[in-house]
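S.K.: Chains as they are written, first to last, in the numbering used here: chain V, 1 to 278; chain P, 1 to 384.
Among the clues, some could well be false.
As the list claims (entries may be wrong) - BS3-like, lysine-lysine: derived pairs with alpha carbons at most 30 angstroms apart: (1) Lys-157(V) / Lys-85(V); (2) Lys-383(P) / Lys-121(V); (3) Lys-44(V) / Lys-383(P); (4) Lys-138(V) / Lys-383(P); (5) Lys-89(V) / Lys-76(V).
What the hints contain is simulated information worked out from the structure, not anything from laboratory work.
Remember, it's a predicted structure, so these values are computed and weren't measured experimentally.
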Amino acid sequence: MWDYTQAVHEHFLHPRNAGPLADANAVGEVGSLACGDALKLYLKINGQGIIEKAGFETFGCASAIASSSVLTDMVKGMTVDEALKLTNKDIAGALGGLPKEKMHCSVMGQEALEAAIRQWKGEPPVPHAQEEGRLVCKCFGVTDEQIIRAVRENGLKTLEEVTNYTKAGGACGDCRDEIARMLEAEFQRKPLTELKARPSLTNVRRMQLILKIIDEEIRPQLAADGGDIELVDVDGRRVVVALRGRCAQCRSSDVTIRNLVERLLREHVEPDLVVEEA
Amino acid sequence: MKTFYFDNNATTAVAPEVLEAMLPYLSDFYGNPSSMHSFGGRVGSAVEQARAHVAALLGAEPEEIIFTSCGTESDSTAIHSALQTQPEKRRLITTRAEHPAVLNVAQYCERQGYHVVYLGVDSKGRLDQDEYLRVLTDDTALVSIMFANNEVGNIYPIQRMAEAARERGALFHTDAVQAVGKTPIDLSHMPVDMLSLSGHKIHAPKGIGVLYARKGVRFRPFLRGGHQEHGRRAGTENVPYIVGLGAAARFAVGHIQEERIAVARLRDKLEQGILERVPDCIVNGDVENRLPNTTNIAFKNVEGEAILLMLDRFGICASSGSACTSGSLEPSHVLRAMGVPFNYAHGSVRLSLSRYTTEEEVDHVIECLPGVIEALRAISPYKD
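For reference, chain P alone in the conformation it holds in the complex (with noise of 0.2 angstroms):
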């Protein structure tokens, strides 16, 4: 049976060009880009053109991109850096409606002691700017605000969240995981210090991550080790997924524009094309201001799981905030922190399209849809 794959938030289809800049360096080049010789001389080369595309892509100095395994590490690092290096200041502020890789870092860090402000959001999931002013104290060492949500796709205004923290000296740290290659960033106009990404959002491999951090910005590495990334994470380097990042950054960098419009342009026909055949079902998240690739659409009365197995007969790739598909017993923390209603939350599924989305398999989403949530609801208690 075809697949046809709409959680490209979950992760992405390796680029065939990725893919075949990769392969030399899982066969001939496998030397270590640290070496005196050559032979490994060649490889480091490989890894600093990665490094410059990446760099590109955000509007960076290359010297400012870190290497990492993976947005979880990328955050991580980021966090653990700037809270060290700021011991007199005890004040984090983040967002109720980030990922897990900064929502529990953020929690542990409550539990050493940290003063932590979990910013809320209203019911389309837009931050309050005037709770996040508020806030945002001279004891702030960090403020960690994602770039774009991955489950409603909602962007934030980071732009003038990392001014107003600059203003107050505190660091400004952006999870762009979801955003970076969907959304143009270009930090030579942005005062964000540290940004994390991940590579297999972008139709890299999964298993590689960079963090930025800008120049000048006091840094203490998450790995110690060897001298690799200029002492901030050591470990031999990643080779064949650092070339495949690299070469993933560079297509975005060329076709980020002219994708964003094809991709949103798919994704409004979708959206629309089940709003006018399913009844009662809400968008979920800020429809003017959200990733042109991601729809999240709350069907009342239903249950996610079920939705998801049900498409899944179909061939469609979907995800769920139902707090079935999760393992844990509720829904998602961001539908949640939203408000929305618990008779649209567990019912809610994330469609996330990708470059490589065609009309056609749109097309087949929109036929197959309506006929699963009527299916489901028919044998419903719920039905008004």
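Next comes chain V alone, as it looks inside the complex (with noise of 0.2 angstroms):
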């Protein structure tokens, strides 16, 4: 059971302001059924820029529901320049926190206020995926534009908590290395196009650690199913192995150099190195 505070249950039980307004002349609107919650967000906005009323709608768990109520008292009464100002972290700690693995109802509520102030503005709804961003994790159309801010409003450190945080990452996971490697470009608060600039081995210690490494951790391995494998060569990042014995007949050799020694290799020696069968 998740630990929520006294201010989410008192906001999921009795939600303030909840329904559509219906003279609302701003609406944002994130999320989707597909991802198991989304938000409506409607506000009554003055010639002044102040924000008049506010009402919402939202499909999710308690967290998503509290954060909506919340987030419609947080703005009645602030000027748009006040409400863009604030962050997924003002949500959640108006409700006295939330619980990690829940924060990304916090950024629904900040992505929702955005989008439906930018619709008052008259820009466009979705600036992340449409203009800046690139789309990282396809399940959940989180854009690197949206991770990288969610990293730097919260001080996110790990893959996990991106995913709390943002949902990237949560389903299929195959972004999760991309993630990753944005998390340590910004950790050290490096632009991402530099991403891939990093360090390099020289060739021969490249040959002398993949070496090593299938002696020491891969061959093993494979002994304990009667195979072996021998390195044929390594052209820069391009690793090519022959699979022996056993796995030389084996119908799931290509998951083995996938899942145990491209795997292996890329934790030990360098991230990016692929392998291939000779």
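Put the complex together from the two separate chains, hints included.
M.R.: So, in structure tokens, the structure goes:
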């Protein structure tokens, strides 16, 4: 069971400003049924740019409903510029905190608010995906801009935290390596474009390391199944190996290459090695 | 506040007669069953008696019963034993609807280079038997199919599937954690080689399980060490819990028939009551072939965790296949395998009964649930 604060329970059981707003002149929508939570935020903004009224409709868990409810309370009376300065941390803070796995609910609130205000200003609704951002997590539609924003605003350090805050990497997992690289780059305070410029090994050192890992880590595992492995060539980041013994006839040899050989070499030698079978 | 417990597929209450049977083995009779003195020997007889009760529940021989720490240990032992004793065979067949205790072990085997086939299910969660016969090759070491599904309650055609496996020379294991005690199982007429069960699903405490291993089937222990359980599971026997499981099995043997009917009647009343009062909901699973105690209902356009928390205020305990309840970000793998649409899958609620569920408790749920769904739908952005 989640350890929700009293404020989360209170806002969940007695949501403020629930329901659509008939005279809204700004609406922000984020999330989807497929994602498991969605928020439609309604704002009534007056001529001075002050948010007079707010309403919401939310499909989601208790923390999603509570985040929406508390957000509508917070923004009432704010100018749009003040509202744009709100972060997901402010929303979570107003609830006395959220479980770390639920932080994405507060992010959803912040994004809906931004979307609504952009609509009111006549700006395109989804700035991240359509303008600067590049789609990283295809399952939940999360861009690199969204990830970096969550990382910076919340001081995120690990892949797990990024998933808790943005959902990115939470389904098929294909983008986890990329998020890890983004975190690493962010940690070293390097711009994203410098991602590839990591210090690299000399050819001799790389080959020595590969041989060592094959001897010490990979060969013993294959031997347990009556197989063996031989290093054929190292060409830049491309490692060519041949499977021997029982592994040579094994129908799952490509699985062995990918899941065992490539995984271990990437882990111990260099993360961008590609292993191929001769 | 009174608790209305509708989460018996998660765990069950320890039966009073089980607790009573256990207590002497937590106090006076603390001897080690392996000891040479009669003080330990008396405890050893209690373990053997419990073994006989479990065997009787399954239609097995006592020497085919191995006590373990839980269903998960039984599953892991069965799978690893089958693969290690047949190193020449490289294929493992299981289903996409398995419990993680099997599914994650299968995925581990896949990473070790095994060829693992995950049988798909249709929209009602039924296994594709033609696909099964197609993938059942001569190099299949093991078929591991759950007897009944924990989420939707489907009972799978284990008799037929085990017979097909035997014809092909493959070992057959079934994770029967949810089925034992709820549906009759007679292993004397079923070519199942290994079966897992768990005590806490049949009113014994948590922390005790059983692996049935058919006589003559080659076996490798998972836990090595002492000679306990005839060298098949090392470690000093968890005597009080074994005695408790024996008592639970004994009770189940005597009551399974009447209980099935009584529990199914209440389950049906609950399900009908909800379907009549709440629009836009569907029953997940194969209603013709499922456990008598389980119903899994999906409510359109609302989210499961929110439903559970509101039910919690009325003292009602249930569970959900929604993403939010699991701590993962996706709805249950079973509902996804079945292709349940997202607008229903996130709003699925499992209600599971037991012999202790009363008609008044069922009425309470029927009374409270419609208001909860209505309140959540009122604030949902999805209305159609």
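S.K.: If a hint holds in the structure, say so; if it doesn't, say that too.
M.R.: Now the hints, each set against the structure:
1. Proximity of Lys-157(V) to Lys-85(V) is assessed by CA-CA distance (about 23 angstroms); at most 30 angstroms being required, the pair is judged to hold.
2. Pair hint Lys-383(P) plus Lys-121(V) holds up; C-alpha atoms about 28 angstroms apart against a cutoff of 30 angstroms.
3. Our distance criterion of 30 angstroms between C-alpha atoms is met by Lys-44(V) and Lys-383(P), whose separation comes to about 22 angstroms.
4. Of the pairs offered as hints, the one joining Lys-138(V) and Lys-383(P) holds, with about 26 angstroms between alpha carbons and a cut-off of 30 angstroms not exceeded.
5. For a cut-off of 30 angstroms, the pair hint linking Lys-89(V) to Lys-76(V) stands: about 18 angstroms separates their Cα positions.
The structure is consistent with each of the numbered hints, conforming to all of them.
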